[in-house]
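S.K.: Sequence:
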Amino acid sequence: MARGKITKRSIDVLIASSENDILWDDSIRGFGAKRTKSGAVSYVLQFRMGGRESKTRRYTIGSHGSPWSPSTARAEAERLFILVAQGTDPGEAERQRRREAVDLAFDNYADRFVDSCVGKGWKRLAEQGLRLHVKPVLGSKPLPRLVRSDIIAVMDRMPREQIGNIRNVFAVMRRLFRWAVGRGDIDRSPMEGMETPPAVTPRLMAAQKGRPVGPPFDVLQRSAPPEGGAGDPVRPAGSR
15 MARGKITKRS
25 IDVLIASSEN
35 DILWDDSIRG
45 FGAKRTKSGA
55 VSYVLQFRMG
65 GRESKTRRYT
75 IGSHGSPWSP
85 STARAEAERL
95 FILVAQGTDP
105 GEAERQRRRE
115 AVDLAFDNYA
125 DRFVDSCVGK
135 GWKRLAEQGL
145 RLHVKPVLGS
155 KPLPRLVRSD
165 IIAVMDRMPR
175 EQIGNIRNVF
185 AVMRRLFRWA
195 VGRGDIDRSP
205 MEGMETPPAV
215 TPRLMAAQKG
225 RPVGPPFDVL
235 QRSAPPEGGA
245 GDPVRPAGSR
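All residue numbers in the sequence shown are consecutive under this note's numbering, ending with 254.
Since the hints were made in silico from the structure, they are not lab data. Careful, some of the hints might be misleading.
Claimed, not checked - Restricting the straight-line Cα-Cα distance to at most 30 Å, the calculated cross-link-like pairs of lysine-lysine (DSBU-like) are:
id, residue 1, residue 2
1, Lys-155, Lys-134
2, Lys-22, Lys-51
3, Lys-48, Lys-69
4, Lys-48, Lys-19
5, Lys-22, Lys-48
6, Lys-19, Lys-69
7, Lys-149, Lys-134
8, Lys-51, Lys-69
9, Lys-51, Lys-19
10, Lys-137, Lys-155
11, Lys-149, Lys-137
Kindly generate the complete structure, drawing on both the sequences and the hints.
M.R.: Next up, the structure:
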């Protein structure tokens with residue numbers, strides 16, 4: 015292992031050498047450039063989470079070449095060392111970021127939720143509601159980053175006269191987020207504390223005809239919730 019300032023010149027020398035070696039920067043302790051057998055160079059960070067008794071960990075910043083140059087890799091190493099000082103493991107943070115971008119992306123997660131649904135009627139209701147009304151709004155936004163305003167955005171987009179459909183979509187989303195909490199994928203549901211949209215009643219119809227209304231969820235939030243069965247999917251007429 016060699017020690018010196020990591021620059022373009024020193025990286026060129028490292029690439030040209032025939033040895034698998036690591037050049038450790040002499041100004042940022044733990045910042046290095048590692049050469050592999052193939053001659054490729056990667057920028058690495060070596061650190062400990064805790065005191066000297068803790069295990070040494072190594073994190074790969076990236077391979078030499080766009081976007082990683084000696085200067086950009088050095089800046090990234092400085093940023094990561096700040097995270098380490100705050101108690102954040104860069105490797106764990108990167109794994110969580112990738113998990114949120116893929117496994118916990120709402121559209122992917124919604125598909126897995128539908129697959130878990132039992133019963134043809136409920137499964138069809140969940141699939142249609144998510145596909146037609148929820149996915150177009152939430153897209154691939156990571157599940158842990160969803161907040162109440164995202165849910166309201168979904169409800170506001172639905173035609174206000176489709177009260178039964180609004181209630182069904184609300185029920186599907188609420189069950190999805192409860193499922194996510196139960197699996198440990200999120201700590202709390204963004205729908206926690208939200209009231210179930212009320213069923214269609216003569217009083218509600220009269221209220222809607224008597225004055226202008228805004229987005230559907232504005233009206234529903236101002237209306238009293240129904241008694242019993244809150245959040246249950248609306249059954250088609252004639253069903254038991």
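S.K.: Check whether the Cα positions of Lys-149 and Lys-134 lie no farther apart than 30 Å.
M.R.: Cα-Cα ~21 Å, so holds.
S.K.: Between Lys-137 and Lys-155, does the CA-CA distance stay at or below 30 Å?
M.R.: 23 Å, holds
S.K.: Given the proposed pairing of Lys-22 with Lys-48, does the C-alpha separation stay at or below 30 Å?
M.R.: 14 Å, holds
S.K.: Does Lys-51 sit within 30 Å of Lys-22, going by the straight-line distance between their CA atoms?
M.R.: With a Cα-Cα distance of about 20 Å, the restraint between Lys-22 and Lys-51 holds, given a limit of 30 Å.
S.K.: For the pair we were handed, Lys-155 and Lys-134, check the Cα-Cα distance against 30 Å.
M.R.: 28 Å, holds
S.K.: For a C-alpha distance cap of 30 Å, please report whether Lys-51 and Lys-69 respect it.
M.R.: 26 Å, holds
S.K.: Quickly compare the C-alpha distance for Lys-19 and Lys-69 to 30 Å and report which way the hint goes.
M.R.: 26 Å, holds
S.K.: Holds or violated: Lys-48 and Lys-19, Cα atoms, limit 30 Å.
M.R.: 14 Å, holds
S.K.: For the pair supplied as a hint, Lys-48 and Lys-69, confirm whether the alpha-carbon distance does not exceed 30 Å.
M.R.: Satisfied, since the Cα-Cα distance of roughly 20 Å is no more than 30 Å.
S.K.: Would you mind confirming whether the straight-line C-alpha gap from Lys-51 to Lys-19 stays at or under 30 Å?
M.R.: It holds: about 22 Å lies between the C-alpha atoms, which stays within 30 Å.
S.K.: Hint check: Lys-149 vs Lys-137, CA-CA at most 30 Å. Holds or violated?
M.R.: OK: Lys-149 and Lys-137 at ~16 Å, within 30 Å.
The structure meets every hint from the earlier list without exception.
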